[in-house]
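*Asks:* If you want the building blocks of each chain, they are given just below.
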Amino acid sequence: MNMELIQPFINSLDAVISEIMGCSARIADVTMEQGSYQRSGVAALVVLSGDIQGRIILDMDEAAAGQAASDLAGITGAPSEDTAREIVCELTNMVIGNSVTQLNDRGFKFKVHPPVLFMMDVGPNGMLNAETVLLRFDLPKGAVYLNIAVHDTSNALVESHA
Amino acid sequence: MDFKPLTSGEKPKIRFLVVDDSVFARKNICKMVEAFGGEIAGEAGDGYAAIAKYNDTHPDIVLMDITMPKMEGIEAVEHIVHDHPEACIVMVSSVGYQDNILSALQKGARHFVQKPVKPEAFYEIIRYVLSEHTNPSPDTPVEAQS
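The listed protein sequences derive, respectively, from chains R and Z. Going left to right, the first sequence walks through residues 6 to 167 as the working numbering numbers them. Going left to right, the second sequence walks through residues 808 to 953 as the working numbering numbers them.
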């Protein structure tokens with residue numbers, strides 16, 4: 006997978022976590038996946054269509070979701086399931102939205118669909134013609150996972166370097 | 808941080824309609840609005856609901872998300888401004904690329920704020936939009952927050 010497509014998502018996750026949670030997100034692991042995705046905690050999925058097609062899953066483990074709830078909503082202790090889901094969806098919205106802004110300004114035209122909760126324990130697979138990258142980011146408390154399966158259907162990247 | 812309560816002309820409190828498909832985001836924005844001394848006239852979770860709520864409540868200002876199910880924010884702006892040219896709408900979205908901002912402004916939005924929203928910057932933008940709304944100056948360009 007072209008890392009130039011992935012980098013904006015990494016940058017945005019770090020920027021949003023830094024802004025919202027006041028800490029940095031350190032990349033702890035990067036793996037290429039072939040099979041279906043195994044959820045670790047509370048996860049949201051966003052579908053992209055257009056010059057870039059695919060889907061991205063943002064998954065927060067329990068500790069990270071609890072910290073986000075505390076930082077975003079002032080909730081002390083473990084957040085309710087509904088609150089944790091809302092917070093992960095909103096964080097996903099911010100991370101993907103900021104990434105899309107960077108990619109769009111580089112010439113890619115595509116549509117972002119609203120985040121939906123990813124409730125299955127396992128699945129879905131990546132997409133045909135697209136490898137899936139799984140990134141694990143360590144936070145001071147817990148971890149966040151970005152599972153990215155996207156591919157470029159245009160020549161925007163090539164043109165932007167011409 | 809303390810904010811001087813927002814005012815516009817003779818109105819004691821500015822009434823806001825907050826539109827976002829995320830309940831959490833709406834609550835967060837509502838909290839900020841209340842910290843600014845504003846009043847929540849209504850909330851909506853998609854473009855259709857926003858149009859209906861606008862017609863019911865006639866708020867002073869609308870804070871509108873872009874990416875939403877059923878009807879997106881930019882289309883809702885077009886409908887609201889078509890029926891209410893005086894409507895004062897600020898886009899609040901994480902998707903802040905130039906095409907999107909231009910499209911929203913062309914449809915009649917007054918400004919654009921990118922998420923995550925910083926309260927201090929948000930307050931200043933709302934204050935600016937309200938002052939422009941009360942004393943419009945056609946030569947003053949509307950610029951998006953970077």
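Please keep in mind that the hints were generated in silico from the structure rather than gathered at the bench. Some clues are possibly wrong.
[What the hints assert, rightly or not] Think about it this way: if two alpha-carbon atoms lie no more than 25 angstroms apart in a straight line, the pair counts; the simulated DSS-like pairs of lysine-lysine are: (1) LYS811/Z with LYS834/Z; (2) LYS146/R with LYS914/Z; (3) LYS114/R with LYS818/Z; (4) LYS818/Z with LYS838/Z; (5) LYS834/Z with LYS818/Z; (6) LYS838/Z with LYS925/Z; (7) LYS914/Z with LYS114/R; (8) LYS820/Z with LYS834/Z; (9) LYS116/R with LYS877/Z; (10) LYS818/Z with LYS116/R.
For clarity, every value in this text was computed on a predicted model and none was experimentally measured.
*Asks:* Each hint needs a verdict: does it hold in this structure or not?
*Replies:* Structure-based check of each hint:
1. Restraint check for LYS811/Z and LYS834/Z: satisfied, since their Cα atoms lie roughly 21 angstroms apart, inside the 25 angstroms limit.
2. Taken as a hint, the LYS146/R and LYS914/Z pair is broken in the structure, with Cα atoms around 43 angstroms apart against an allowance of 25 angstroms.
3. With a C-alpha separation of about 43 angstroms, the suggested pairing of LYS114/R with LYS818/Z is violated against the 25 angstroms cut-off.
4. With a C-alpha separation of about 20 angstroms, the suggested pair LYS818/Z and LYS838/Z falls inside the 25 angstroms cut-off, and the hint holds.
5. Taking the CA atoms of LYS834/Z and LYS818/Z, the gap is near 24 angstroms; set against the 25 angstroms cutoff, the hint holds.
6. Among the hinted pairs, LYS838/Z with LYS925/Z is consistent with the structure: their alpha-carbon atoms are about 13 angstroms apart, no more than 25 angstroms.
7. Proposed proximity of LYS914/Z and LYS114/R is supported: the alpha carbons are some 20 angstroms apart, at most 25 angstroms.
8. Distance check on the hinted pair: LYS820/Z and LYS834/Z sit about 19 angstroms apart at the alpha-carbon level, within 25 angstroms; holds.
9. Using a Cα cut-off of 25 angstroms, the hinted pair LYS116/R and LYS877/Z holds, with the two alpha carbons roughly 14 angstroms apart.
10. With a C-alpha separation of about 40 angstroms, the suggested pair LYS818/Z and LYS116/R falls outside the 25 angstroms cut-off, and the hint is violated.
Hint violations for this structure: numbers 2, 3 and 10, all remaining hints satisfied.
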